[in-house]
Amino acid sequence: MSVFFFLPGYAQTTVPSAASVAPAAKPAPVVPASVVSAAAQPVAAADANGWTLVRTIGLVQPGAASLDRRGNLYLADGQNNIHQYGPDGQALNTYSPPQPGHTAQIEAWNTSKVLVFYDDRQEVLLLDRFMAPITQVRLPDLLDGIVRAATLAPDDRLWLLDESSLALRQYDPTGQRLALTTPLDLLIGRSKPDFRFLRQYQNNLYLVDRTSGIFVFDNLGNYRKKLPFPGLSAVGFRGDELYYLTDQTVRFFHLYTLTERTLPLPTGSTAVNQVLLGEQFAYVITPTGVLVYKF
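Position 280 of the sequence shown, counted from 1, bears residue number 279 in numbering that gives the first Met the number 0, the numbering being contiguous throughout.
Treat the hints with care, as some may be off.
Simulated pairs of lysine-lysine, DSSO-like, Cα-Cα distance not exceeding 30 angstroms [stated by the list, open to error]:
(1) LYS191 with LYS224
(2) LYS225 with LYS112
(3) LYS224 with LYS112
(4) LYS225 with LYS191
(5) LYS293 with LYS112
Using C-beta positions, here's what the derived DEER-type ranges look like [said to hold, decoys possible]:
(6) THR269 with GLN175: 33 to 41 angstroms
(7) ALA43 with PRO182: 30 to 38 angstroms
(8) HIS253 with GLY49: 16 to 24 angstroms
(9) ALA131 with GLY188: 42 to 50 angstroms
(10) HIS101 with ARG176: 43 to 51 angstroms
(11) HIS253 with PRO99: 38 to 46 angstroms
(12) ASN48 with LEU254: 36 to 44 angstroms
(13) LYS224 with THR134: 28 to 36 angstroms
(14) ASP193 with THR269: 21 to 29 angstroms
(15) SER190 with ALA47: 25 to 33 angstroms
(16) ASP140 with ASN48: 45 to 53 angstroms
(17) GLN98 with GLY238: 34 to 42 angstroms
Quick caveat, the hints were computed from the structure, so don't treat them as lab data.
Every residue gets a Cβ at the ideal spot worked out from N, C-alpha and C, and that includes glycine.
Take these sequences, add in the hints, and give me the full structure.
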């Protein structure tokens, strides 16, 4: 059975002037988004930690987020709209889903596609770079279990964490088949994992278990090692470093030299949910929006 569906009219895709687009399944008044550019105000100086505020973006309940190779930011809001911003935080496009669902993960590192994983609907949606829908994959058509995390490989294959059978699976959309399976039961042992995040980067696959750390596999799903960083829900990558947020500090781990370093958050930062780092700009995500910094 074919599980990819072309979606010529699947959802509303707009270029917002300064508005948040309400989902088609839940009509709502358009609420102007609060976007304040620091450039329109007196020039801000770098704080004691080296951060310079560039822009403030007001957004209701920011959720899953990702950066693409060009430095564009993709961010879900409380209504599961997906917002696309330029590297400096300028609004570009908005994708509004036709039905409600929880956006568990966004993956934008692929050169031509953006993955959106809805864990409650058990569905993967692929968007193009203009936020128009390309295809969707109904995961119950592929396997019997529940998928907890999903990501997109550079070759357009899907990596899926099958929580029901404790297995890492790779789906080949060209052949419409499950191409690889890596059992995880021997790696996990008697522990109770809490898988949160999945990401392929530089020919390795990183599976974040909040309970015990980060499992690292090669691009064929073979287990390589485990990084002892528990308590995480997501990680990011910049150059040859893995980074994560903990205790109001961004911690870096070099993937090859295994050295570590830290970067304090901007002065006065409170209630920070997530931090994403591009080449020139950083995005500090709070419960009420995004602060865009140069650093």
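Here's how the hints hold up against the structure:
no.: 1; hint: LYS191 with LYS224; result: holds, 18 angstroms
no.: 2; hint: LYS225 with LYS112; result: holds, 29 angstroms
no.: 3; hint: LYS224 with LYS112; result: holds, 29 angstroms
no.: 4; hint: LYS225 with LYS191; result: holds, 16 angstroms
no.: 5; hint: LYS293 with LYS112; result: holds, 27 angstroms
no.: 6; hint: THR269 with GLN175: 33 to 41 angstroms; result: violated, 48 angstroms
no.: 7; hint: ALA43 with PRO182: 30 to 38 angstroms; result: violated, 52 angstroms
no.: 8; hint: HIS253 with GLY49: 16 to 24 angstroms; result: holds, 20 angstroms
no.: 9; hint: ALA131 with GLY188: 42 to 50 angstroms; result: holds, 44 angstroms
no.: 10; hint: HIS101 with ARG176: 43 to 51 angstroms; result: violated, 27 angstroms
no.: 11; hint: HIS253 with PRO99: 38 to 46 angstroms; result: holds, 41 angstroms
no.: 12; hint: ASN48 with LEU254: 36 to 44 angstroms; result: violated, 24 angstroms
no.: 13; hint: LYS224 with THR134: 28 to 36 angstroms; result: holds, 34 angstroms
no.: 14; hint: ASP193 with THR269: 21 to 29 angstroms; result: holds, 26 angstroms
no.: 15; hint: SER190 with ALA47: 25 to 33 angstroms; result: violated, 41 angstroms
no.: 16; hint: ASP140 with ASN48: 45 to 53 angstroms; result: holds, 49 angstroms
no.: 17; hint: GLN98 with GLY238: 34 to 42 angstroms; result: holds, 38 angstroms
In summary, the numbered hints that this structure violates are 6, 7, 10, 12 and 15.
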